[in-house]
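J.: Residue numbers (numbering that gives the first Met the number 0), protein chains in the order written: chain A, 0 to 209; chain B, 0 to 209.
There could be a bad hint or two in this list.
To be verified - Reference excerpt, derived from the structure (chain B facing chain A, CB under 7 Å, subset only):
no.: 1; residue: F62
no.: 2; residue: A73
no.: 3; residue: A74
no.: 4; residue: L155
no.: 5; residue: Q158
no.: 6; residue: N165
no.: 7; residue: R192
Unchecked claim - Between beta-carbon pairs, the in silico distance windows are:
no.: 8; chain 1: B; residue 1: A40; chain 2: A; residue 2: T12; range: 20 to 26 Å
no.: 9; chain 1: B; residue 1: G4; chain 2: A; residue 2: E37; range: 29 to 35 Å
no.: 10; chain 1: B; residue 1: T12; chain 2: A; residue 2: Y50; range: 24 to 30 Å
no.: 11; chain 1: B; residue 1: R169; chain 2: A; residue 2: P173; range: 20 to 26 Å
no.: 12; chain 1: B; residue 1: A77; chain 2: A; residue 2: E37; range: 45 to 51 Å
Simulated from the structure, these hints should not be mistaken for lab results. Yeah, the Cβ is synthetic: ideal placement off N, Cα and C, and Gly gets one too.
2 protein chains.
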Amino acid sequence: MPGAGRADRRRHTRRLEILSAAARSFRSRGFAATGMREIAAAADLSPANLYHYFRGKQELLYFCQETSLERMLAAVRAARRARTPAAERLRAVIRAHVDCVLGEMEGAAAHLEVDDLPAPLKRRILVKRDLYERDIRRIVAAGITSGEFVDCDAKLTTQAILGALNWSVRWFRPDGERSPSDVGTAFAAYLVRGLIAAPSASRSNGRKRA
Amino acid sequence: MPGAGRADRRRHTRRLEILSAAARSFRSRGFAATGMREIAAAADLSPANLYHYFRGKQELLYFCQETSLERMLAAVRAARRARTPAAERLRAVIRAHVDCVLGEMEGAAAHLEVDDLPAPLKRRILVKRDLYERDIRRIVAAGITSGEFVDCDAKLTTQAILGALNWSVRWFRPDGERSPSDVGTAFAAYLVRGLIAAPSASRSNGRKRA
């Protein structure tokens, strides 16, 4: 939040803390079943005090989606600026995405529940999501153009990548054997390898350069 | 339905037709917003007649999930029996999965809304889903063991594959530029290529064999 005053920054930090508490409740009970009362309890606030930060669950959901998309956009923009091979840039974006949806701000899981937002807020989120998707697609397309990646459909490949990443919130368990970082590293390796021409390329059954 | 009588088979066929009509409504309005009345209209039935086939939306949803999982299980079992390379078997499963969730039985989309089922039905679906996931994981693991695939985490890779496939129902538009078969072919090529050691393997940042 560049240019924001100290009070604004403090409010923003407090909202992030509340979001993190709400996220845990969303994860354990589901978004629909979690009320403002439970969120207040989880965040150690009185309901009245919670309403001072968020006028309702939808405002909180919007803040959640907005915050996680901003983090992801920052990561993909940093990657696009980097002067490294496309494979490396794409792996960085994948790790950041997994970290964002499974990591500290856990219930960024809620970042997928876009249908629960009122139409005007939903539109703003979808615009950002499209920007994010476009930036990833551009990294893929740049790798194809430079010959670093195989010649494939950049749009479909980007959807496959985003699907693998977003779906992780459905099966990931914080108390399971793999950490968010394990998932991020494994997914980055696997999903980028699929863009690099395989040695037995004649078998790989899609359009290809080699 | 081996062994079922003619009347049973006719009923099953009729239920599939109703499901297909319901699927179109689910896709355009969302599952939650679609009522039995709309489903009856879409299937060209009176509401009373519809209730003769499905006592409610949950029974229809269960039938939808059951049917698409059975199709997917049949495909993965056929693939496991085939005496072809793991890559080929996995591509066949991926194409069948995409065909099932995006193809004729379109709104198999609803096959993902497992949380809307009552607990006992949900458990039966989850058991089948686990079997399906396990069968895919075994194809991946067999390819790793034989050296056809890179040495990677078969469980995480399977989740990445399933995520890419299942997420497709979120972005796919039947009136868009790509057919379900385009998606299936592109996804099969990309997701299997990621299991085959890349030539510049030293860069791919994960555990590997080469």
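J.: Going back to the hint list, which numbers does this structure go against?
T.: The structure breaks hints 1, 2, 3, 8, 9 and 10; every other hint is satisfied.
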